[in-house]
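> So the protein sequences, as listed, match chains A and B.
Just so we're aligned: the first sequence equals residues 1 to 363 in our numbering.
Just so we're aligned: the second sequence equals residues 1001 to 1468 in our numbering.
Everything labelled a hint here was simulated from the structure, so no lab data went into it.
Don't take each hint at face value.
[What the hints assert, rightly or not] From chain A, some residues computed to sit far from chain B (all C-beta separations above 12 Å): (1) K3; (2) M17; (3) L58; (4) F88; (5) E115; (6) F178; (7) E179; (8) N279; (9) S280; (10) E329; (11) V330.
[What the hints assert, rightly or not] In silico lysine-lysine, BS3-like type, Cα no more than 30 Å apart, as pairs: (12) B:K1059 with A:K259; (13) B:K1121 with A:K35; (14) B:K1220 with A:K259; (15) B:K1335 with A:K99; (16) A:K144 with B:K1182; (17) B:K1335 with A:K263; (18) B:K1287 with B:K1220; (19) A:K38 with B:K1215; (20) A:K46 with B:K1220; (21) B:K1287 with A:K31; (22) B:K1417 with B:K1220; (23) A:K41 with A:K57; (24) B:K1261 with A:K172.
Where a beta carbon is used, it is the ideal one built from N, C-alpha and C, also for glycine.
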Amino acid sequence: MLKYLYYFSSALFLLIMTIVLIIITYHLLHKRRTKIFKQKKEEWEKFLFQYLDDDLKLEEAAAEMNDSYFYLYDFLKPYLKNLKGNDFEKLKKLTKTNKMVDFFLQKLEKGNREEKIKAAAFLGKLGEKRALPLFKEYLNSNDKNLMTASIWAIADIGEQELFFEVLKTVLKESSFTFEALTEILIRFGEESCYQIKKFLENNFSEENNLEEILGVPDYQSLSLFFDIFGYFRFVPGVEIMVSTLDSEYNEEVLIHIFKALVKIEYPIAKDLTPYLNHNSWVVRSQTARYLAKIKNNDYLLELKKLLTDEKWWVRYYAALAIFKLGKEEVLIDIVKNKRPGYEMGIYILDQAGDLKVGEVESG
Amino acid sequence: MDNFYYILLIFDYFAVLYFFLVNGTYLFLNIKAFFSIKKYWSARETIEFENMFQSEFYKPVSIIIPAYNEELTIVDNIISILSLQYPEYEVVVVNDGSKDNTIDELKAKFNLVISSRSYRKDLETQQVREVYDSADYPNLVVVDKENGGKADALNAGINISQFPLVCNIDADSLIDDHALLKIIEPFSKDWRVVAAGGTIRVANNCDIRGGQVKKVRLSKKSIVRIQVLEYLRAFLFGRVGWAALDSLLIISGAFGVFKRKHLIKAGGYSTDTVGEDMELVLKLNRKLKKSGREYRVVFFPDPVCWTQVPEDFQTLSNQRRRWQRGLGQSLLMNKELFFNIDYGLLGVFTYPFYFFVEFLGPVVEILGYLAIFLTIFMHSGVPSVAVLFFITAILMGILLSVTSLLFEEMTFHKYEKLSEKLTLVLYAFLENLGYKQLHTIWRLRGIIDLILKKKSWGSQKRKNFTNN
């Protein structure tokens, strides 16, 4: 026992000393890297600004900034995020001319895991289409970080041809939240709305095989699609949303339809009474919100009824709708006569600030 | 005498087995933490926290700060929180019947006026005296209530909070400006996440300006340096390692984010324990596992919260006794998990590990020391095996500390000077010569406090952050 304990403690001691040496080495390396980066940054900053100000030619700037590509990537990261328009285009040209794009394309294919992820982020930001075949391949990668990096990169490039490929991948990845899915898909831009519309016309309105194609229940994909329509205020999408609008349909989808309609602010020719009386309080509240947005006075009676709804948000949106429809006299009357719903009336009038509650109450 | 020697021998073997089991688990956690941190570090490349500002899809959050006699730190802390980078949040400060001038400080500095806000009493709390809004900061609300303890104050904060996520931050802590974005990011990306914790670091002697830690410096005080090591070990390998096994049992009360609806469903923080943070996570785990819902409790090493640690032995001793008592209470309140296969790894391994090692560890350690002394006494000399075992135990402790330092060096580089890092290595050795034994005694007293059903929290001497 003594012998083994002796060996074990000796091994532990050696291990500790090795780790301490690694710590020291890491420290020195980090210090050196920080120093080099600082020096490089000072030089590069000068060249980049001159180049962006047209004081330095593309080739000259590329010649000055054509080494230490990983440092250069760290240096350019904030510019890639923040530059827009012509400046961004110039930056793209610079990274092509100084062979940085080629370097990262190679790293995307043959680098280690970290290098591949870094390359994906960089090439995605630049919108480098030559990287798309590899991104497509990495959509099926077992490495979740690499897969995610590829998803974001394709979305950043906005490659419409891969929209449904990405869509299927993200829908399959069951841990993504609804917000994350939408966040990814809206990066494809408004153009994707036309693809979605066409896809829905073929596979929802006609064939009704959405679930078969996308591998998730209809209500999930539809909610997502309508959310994207709403985000882009996509008026041509209203038609398919209206055709889906049926008070018996899945309430999740109905909620997303009304949320999208609120954003698009487009009037529809459909009786909305069933939705103002829907079992789901979110549907009721969103419908009231929608009526306010499109300035539809036809449902004033239903809105007044909703002032006594059991849910605060429904009462709130109903009162707000009445107010926004220019019918504040209805609220004043309710408050004055202390009719049901007068508390919310007071709240809305008070929030609006143009009427003093005290005045209203005293008539 | 022979029988006694025989019992002693059995205990010696048990101690060796215990030692290898415990340290084997710690080493395993270390390895898991290493890969987890590495993965997290490379994933950061794909996350653009700034994008959350432009997104419609962020999740608004209510930050709850319970305060009891915090007149020295509360204003700095709130200013730090109000300067955080996050698209939509409210700060709910709960004055838990402070005996000092906490509420007057708040009224004076933030121009408080009586609020007209109505709120749901989802959780039972002590009586709320008044709710205030700030005329200067529209997203600040202050609740003044009767004293009911930290858990009660947090529950009052949860009641008044209006957003789907709730973040609790201690009044004596500061958080990095991007920390909130980083800790909430997983809630936006993964629907299974119900709770997330961040790393707590030691703020003593750091350069703090505008409520933010500008330069990290290692304190000159030995007691603080040892705590720096303890915090690094606890967070960089302990919590990260357990989280990688989906078995995280603690999210520090100083900095954690929860989905409000699950807090309400779980009945909020328990007021009959001083370890309400651990009890809550245990309770959440228990209830969510029981409900069959898929969920995750995650931990991230990067979102950083800075806290002042005790600088005198009396306060530190009180704190550690309280922690040990809280640990015991939390475990006892959730004993249903103990070796319960229905709760998976959590029931069959994590909970028993916490019970036998983290909670009963001091008892085993004290008995171990006694056994060594008795063996020496009975042998009329120091047997080399006992000495070597003692050295091995020290070396294991040092190994765990230096690996945490290595993780720190590979990633965050909070301490800039090599001398500070080497000082910490030195303290990884020095802490074994007296401090660890003292710590074991404090923890043992915590267990005794639990048996004696002691209720008090003990007091901590506060320092203004700007005096650091």
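> Where does the structure disagree with the numbered hints, that is, which hint numbers, in rising order?
Violated hints: 1, 2, 5, 6, 7, 13, 14, 15, 17, 18, 20 and 21; rest satisfied.
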